[in-house]
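There are 2 protein chains.
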Amino acid sequence: MKNALGSLLAVGLLAVAARAQTVEQWGLFEIGLKGPTNGNPFVDVALSGVFRQGTNVVSVAGFYDGNGDYRIRFMPPQPGLWRYETRSNGAELTGQTGAFTAVAPSAGNRGPVRVANRFHFAYADGTPFRQIGTTCYAWTHQTDELEEQTLKTLATAPFNKLRMCVFPKYYEFNRGEPGRYPFERTATNRWDFTRFNPLFFQHLEKRIGQLGDLGIEADLILFHPYDGGHWGFDGMDAAADDRYLRYVAARLSACRNVWWSLANEWDLMKQKSDGDWDRFFQIIQASDPYAHLRSIHNFNGKGGRLYDHTKPWVTHISIQSSDIVPAQVRDKFRKPVIYDECQYEGNIANDWGNITAREMVHRFWLATIGGAYAGHGETYYHPQDILWWSKGGVLHGESPARLAFLRKILADAPQEGLEPLDRSTCGRAGEYYLSYLGNHQPAKRKFKLPVGARFTVEIIDTWEMSIVSLPGTVEGQCQIDLPGKPGLAIRLRRAP
Amino acid sequence: MKNALGSLLAVGLLAVAARAQTVEQWGLFEIGLKGPTNGNPFVDVALSGVFRQGTNVVSVAGFYDGNGDYRIRFMPPQPGLWRYETRSNGAELTGQTGAFTAVAPSAGNRGPVRVANRFHFAYADGTPFRQIGTTCYAWTHQTDELEEQTLKTLATAPFNKLRMCVFPKYYEFNRGEPGRYPFERTATNRWDFTRFNPLFFQHLEKRIGQLGDLGIEADLILFHPYDGGHWGFDGMDAAADDRYLRYVAARLSACRNVWWSLANEWDLMKQKSDGDWDRFFQIIQASDPYAHLRSIHNFNGKGGRLYDHTKPWVTHISIQSSDIVPAQVRDKFRKPVIYDECQYEGNIANDWGNITAREMVHRFWLATIGGAYAGHGETYYHPQDILWWSKGGVLHGESPARLAFLRKILADAPQEGLEPLDRSTCGRAGEYYLSYLGNHQPAKRKFKLPVGARFTVEIIDTWEMSIVSLPGTVEGQCQIDLPGKPGLAIRLRRAP
Numbered sequence: 127m128k129n130a131l132g133s134l135l136a137v138g139l140l141a142v143a144a145r146a147q148t149v150e151q152w153g154l155f156e157i158g159l160k161g162p163t164n165g166n167p168f169v170d171v172a173l174s175g176v177f178r179q180g181t182n183v184v185s186v187a188g189f190y191d192g193n194g195d196y197r198i199r200f201m202p203p204q205p206g207l208w209r210y211e212t213r214s215n216g217a218e219l220t221g222q223t224g225a226f227t228a229v230a231p232s233a234g235n236r237g238p239v240r241v242a243n244r245f246h247f248a249y250a251d252g253t254p255f256r257q258i259g260t261t262c263y264a265w266t267h268q269t270d271e272l273e274e275q276t277l278k279t280l281a282t283a284p285f286n287k288l289r290m291c292v293f294p295k296y297y298e299f300n301r302g303e304p305g306r307y308p309f310e311r312t313a314t315n316r317w318d319f320t321r322f323n324p325l326f327f328q329h330l331e332k333r334i335g336q337l338g339d340l341g342i343e344a345d346l347i348l349f350h351p352y353d354g355g356h357w358g359f360d361g362m363d364a365a366a367d368d369r370y371l372r373y374v375a376a377r378l379s380a381c382r383n384v385w386w387s388l389a390n391e392w393d394l395m396k397q398k399s400d401g402d403w404d405r406f407f408q409i410i411q412a413s414d415p416y417a418h419l420r421s422i423h424n425f426n427g428k429g430g431r432l433y434d435h436t437k438p439w440v441t442h443i444s445i446q447s448s449d450i451v452p453a454q455v456r457d458k459f460r461k462p463v464i465y466d467e468c469q470y471e472g473n474i475a476n477d478w479g480n481i482t483a484r485e486m487v488h489r490f491w492l493a494t495i496g497g498a499y500a501g502h503g504e505t506y507y508h509p510q511d512i513l514w515w516s517k518g519g520v521l522h523g524e525s526p527a528r529l530a531f532l533r534k535i536l537a538d539a540p541q542e543g544l545e546p547l548d549r550s551t552c553g554r555a556g557e558y559y560l561s562y563l564g565n566h567q568p569a570k571r572k573f574k575l576p577v578g579a580r581f582t583v584e585i586i587d588t589w590e591m592s593i594v595s596l597p598g599t600v601e602g603q604c605q606i607d608l609p610g611k612p613g614l615a616i617r618l619r620r621a622p
Numbered sequence: 127m128k129n130a131l132g133s134l135l136a137v138g139l140l141a142v143a144a145r146a147q148t149v150e151q152w153g154l155f156e157i158g159l160k161g162p163t164n165g166n167p168f169v170d171v172a173l174s175g176v177f178r179q180g181t182n183v184v185s186v187a188g189f190y191d192g193n194g195d196y197r198i199r200f201m202p203p204q205p206g207l208w209r210y211e212t213r214s215n216g217a218e219l220t221g222q223t224g225a226f227t228a229v230a231p232s233a234g235n236r237g238p239v240r241v242a243n244r245f246h247f248a249y250a251d252g253t254p255f256r257q258i259g260t261t262c263y264a265w266t267h268q269t270d271e272l273e274e275q276t277l278k279t280l281a282t283a284p285f286n287k288l289r290m291c292v293f294p295k296y297y298e299f300n301r302g303e304p305g306r307y308p309f310e311r312t313a314t315n316r317w318d319f320t321r322f323n324p325l326f327f328q329h330l331e332k333r334i335g336q337l338g339d340l341g342i343e344a345d346l347i348l349f350h351p352y353d354g355g356h357w358g359f360d361g362m363d364a365a366a367d368d369r370y371l372r373y374v375a376a377r378l379s380a381c382r383n384v385w386w387s388l389a390n391e392w393d394l395m396k397q398k399s400d401g402d403w404d405r406f407f408q409i410i411q412a413s414d415p416y417a418h419l420r421s422i423h424n425f426n427g428k429g430g431r432l433y434d435h436t437k438p439w440v441t442h443i444s445i446q447s448s449d450i451v452p453a454q455v456r457d458k459f460r461k462p463v464i465y466d467e468c469q470y471e472g473n474i475a476n477d478w479g480n481i482t483a484r485e486m487v488h489r490f491w492l493a494t495i496g497g498a499y500a501g502h503g504e505t506y507y508h509p510q511d512i513l514w515w516s517k518g519g520v521l522h523g524e525s526p527a528r529l530a531f532l533r534k535i536l537a538d539a540p541q542e543g544l545e546p547l548d549r550s551t552c553g554r555a556g557e558y559y560l561s562y563l564g565n566h567q568p569a570k571r572k573f574k575l576p577v578g579a580r581f582t583v584e585i586i587d588t589w590e591m592s593i594v595s596l597p598g599t600v601e602g603q604c605q606i607d608l609p610g611k612p613g614l615a616i617r618l619r620r621a622p
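Chains as they are written, first to last, in our numbering: chain Y, 127 to 622; chain S, 127 to 622.
Check before you lean on any hint, since a few could be wrong.
One copy or two, either will do: identical chains are not told apart, so a pair holds if it fits within one copy or between any two.
Stated by the list, open to error - Below are the DSS-like pairs computed for lysine-lysine, each with C-alpha atoms no more than 25 Å apart in a straight line: (1) K534 / K611; (2) K396 / K570; (3) K160 / K570; (4) K574 / K428; (5) K458 / K611; (6) K461 / K572; (7) K611 / K437; (8) K428 / K572; (9) K574 / K160.
Treat the hints as calculated values from the structure; they're not laboratory data.
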């Protein structure tokens with residue numbers, strides 16, 4: 127069985143899944159039920175499922191998927207036999223029972239990503255997750271052809287997380303209408319925020335599932351300000367906002383590669399109060415029994431501000447800033463830090479979208495040595511306005527190859543994550559040191575290593591993507607000769 | 127007559143100067159007197175001169191120069207006839223009177239540099255002073271041959287200000303003994319802080335004068351921590367500190383190209399309290415009737431801190447930082463800002479001394495668009511440890527040529543100084559805009575120019591040192607095509 131929901135839908139195996147007697151741990155088990163179509167099932171029908179394994183009881187909300195189809199999705203957090211029972215105010219929907227066995231996850235299924243070692247991330251199976259993010263805000267609102275091209279690009283790109291919006295985007299370079307809308311229209315051609323469009327969400331799920339198949343986490347942006355009244359999805363009332371969040375959580379919480387990003391540039395959404403955002407977080411927290419990662423992303427311009435990240439429902443910092451100074455943010459909030467927007471490689475007129483590839487790579491390395499993570503984006507002018515940062519497509523820039531190189535280096539780093547040790551060095555004291563020299567070009571570098579241990583030395587060229595191993599080992603107070611050029615890193619590893 | 131003291135001494139014309147009936151405005155008028163040699167003239171003899179022109183009365187301290195020579199130096203701040211009278215507790219020294227005429231300054235003599243337009247500098251004659259600094263901390267403590275080589279280098283270098291220490295320096299790359307010491311030794315071979323060594327100060331003055339002849343301001347560092355007890359000039363008692371400051375002020379205040387830098391890395395001098403520094407400032411302020419510029423320079427490492435720059439005796443901010451964010455400093459202190467140490471072009475192991483030439487140039491431009499100024503230094507390994515930053519010699523780097531290019535651009539800028547207008551643009555609204563794009567590489571740039579005016583456009587490559595004038599003019603909301611590479615600047619000037 128495929129391990130991702132999107133693929134299930136894609137190949138029409140959903141019915142099989144619902145009847146399956148086994149599902150992988152962290153896979154998606156779905157109960158499909160037929161129920162009432164009269165009235166407004168989205169608001170009239172309450173549906174949930176209770177899943178039990180011994181004393182472990184997980185209650186999850188179901189949702190209406192159109193055409194009389196109701197579904198309850200569950201991601202078994204533990205292997206073994208699970209029994210369930212449905213509850214509803216609809217007679218056909220309530221009291222359904224069953225059982226299935228969660229089996230060992232297949233290769234590539236490591237479970238959802240969690241916070242690990244305070245400032246880092248790991249999959250539920252303990253495998254470290256070294257975030258190398260990218261951004262395609264509106265990629266699921268494009269033509270099928272373009273969306274498939276994006277997936278093809280991602281299949282060989284270095285990224286293991288992608289930021290994407292649920293709602294379509296109306297913004298510079300993004301003036302087209304999407305193929306699907308999240309809500310139905312009323313007779314007077316206004317949005318009926320009480321009626322979701324299942325086709326929209328099925329499509330979204332399919333794409334999220336396909337990302338999962340590629341090993342990419344979907345950092346799902348629930349609200350954003352790039353609407354400005356064009357559709358009005360940024361200006362719904364509180365009841366509509368809350369209903370939307372619960373519906374999304376019911377549909378998607380069981381997808382193991384979902385992260386919740388409450389908003390992009392939340393502080394530009396003047397329609398919402400700080401209290402609204404607190405409530406949104408709490409709704410997502412209450413509606414997602416698997417506690418997927420939760421964050422909220424700020425604007426970086428005049429008047430921009432961070433949400434109060436000390437609040438307990440914020441799992442990590444998803445910051446926008448061109449100044450990569452992780453220590454400040456880490457020390458203040460004591461949570462993992464992702465510079466999800468540190469400007470994009472590109473050549474557009476806007477300064478947030480025209481840094482050089484070298485600068486993009488530099489910022490990833492600055493995040494790394496600061497014990498944090500970064501996000502990529504690409505914004506080169508395109509004759510059809512297909513900019514990767516929003517629509518996906520193909521990559522044109524020079525940074526992704528270097529980010530793949532960085533990803534390999536991170537994969538070889540200590541399990542616990544790289545902690546900042548000094549201004550230019552991260553690692554694990556006594557074991558592993560990774561210094562990044564950036565715009566510095568020393569002809570030699572001095573190190574004070576712990577006595578009683580010997581270390582191998584490698585000179586890494588972060589731009590040329592080369593690693594040169596020096597002969598022998600070093601120890602104690604030592605000095606390493608360098609080629610004296612910018613963009614170098616030095617890796618010291620304790621010799622066996 | 128030569129216009130700088132150093133040259134006077136160098137060519138042996140001091141006696142002529144003392145008897146001259148005319149001296150240039152902002153030139154140096156010196157009264158030479160013979161007096162007692164018994165006891166300790168440095169502490170026993172009080173000497174001053176009162177200079178009058180109408181109601182304008184300037185009182186200046188004299189000083190003992192060894193061999194029975196006493197001197198009183200005066201820099202006429204206004205042209206016209208000046209009368210003077212000496213005062214002393216020594217019979218031969220007191221009651222001497224005379225007169226001289228201050229004539230119009232010769233070419234190149236624009237008077238001392240002052241704060242102008244709050245955040246900028248100008249010579250006393252109103253000519254803007256666009257600071258392009260460099261650093262040769264210990265250049266006057268080297269061999270004559272090396273010092274002459276430094277002057278030769280400076281003659282064609284772009285710098286119009288140089289940071290230099292009075293006291294010799296004991297530090298990495300600087301372990302030699304100077305040819306002269308500021309104090310005499312006691313019979314037990316300790317320093318006699320009550321007896322200055324006139325030869326030391328004559329030499330210093332000569333070099334300062336030679337800088338003046340080259341149009342270079344001498345930013346004279348009065349204390350520094352790079353002694354660490356080797357000589358003990360960083361650990362004198364309060365009486366010796368104060369005597370030293372008054373002596374230096376009496377000797378050097380009349381040199382128009384002197385700036386007072388109370389210390390380098392003041393916050394590393396744990397022997398001094400904040401109150402000491404307040405007192406030092408006040409002594410310099412009281413002893414220098416011409417109110418030369420006064421600053422104090424901080425350390426940039428852990429525990430480093432700025433002196434309270436709101437204090438009235440601080441004329442400008444002389445900051446050390448690798449982060450060039452002038453807005454913060456300008457807004458806080460409302461005084462001119464010089465990033466006197468923003469790290470150095472070089473390749474030594476220390477990170478403060480190994481940035482690339484591109485990064486050095488980048489930081490100067492960041493300072494410029496932020497309405498501030500920057501300082502250069504160069505620290506390439508040298509077989510004889512002759513690093514420009516400390517000993518002078520010759521320049522090896524690639525940044526000075528680009529700083530000369532920047533200096534020319536600043537010389538063509540509006541008289542009032544360049545004020546920050548947005549994150550990447552400085553200038554004078556409606557008249558002149560200079561945008562620097564740094565690590566950004568837009569293919570085009572949008573501008574909103576005031577209506578009713580047309581502007582010429584030039585594309586400046588800050589590294590290649592080229593200026594390309596675009597044909598025609600632009601106005602209002604406009605868009606300028608760019609080559610899409612890093613390191614560009616755009617200059618828009620109102621067309622006549």
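Tell me, please, which holds for K160 and K570 at an alpha-carbon limit of 25 Å: within, between, both or neither? Result: close neither inside a copy nor across copies, 71 Å intra and 57 Å inter.
Tell me, please, which holds for K458 and K611 at an alpha-carbon limit of 25 Å: within, between, both or neither? neither (34 Å within a copy, 37 Å between copies)
Identical-chain pair category, K428 with K572, by Cα at 25 Å: between (41 Å within a copy, 19 Å between copies)
When no copy is named, should K534 and K611 be tagged within, between, both, or neither for a Cα gap of at most 25 Å? Within. Shortest intra-copy distance 22 Å satisfies the 25 Å Cα cut-off; inter-copy 29 Å does not.
Is it within a copy, between copies, both, or neither that the alpha carbon of K461 lies no farther than 25 Å from that of K572? Answer is neither: 31 Å inside a copy and 39 Å across each miss the 25 Å cutoff.
When Cα atoms must be at most 25 Å apart, do K611 and K437 count as within-copy, between-copy, both, or neither? neither (44 Å within a copy, 42 Å between copies)
When no copy is specified for K574 and K160, does a C-alpha distance of 25 Å or less occur within a copy, between copies, both, or neither? Intra 69 Å, inter 60 Å, cutoff 25 Å: neither.
Copy assignment of K396 with K570, given that the CA separation must stay at most 25 Å: For K396 and K570, neither the intra-copy (52 Å) nor the inter-copy (31 Å) Cα distance is at most 25 Å.
What label fits K574 with K428 when the C-alpha limit is 25 Å: within, between, both, or neither? between (43 Å within a copy, 18 Å between copies)
Checked against the numbered hints listed earlier, the structure breaks hints 2, 3, 5, 6, 7 and 9; every other hint is satisfied.
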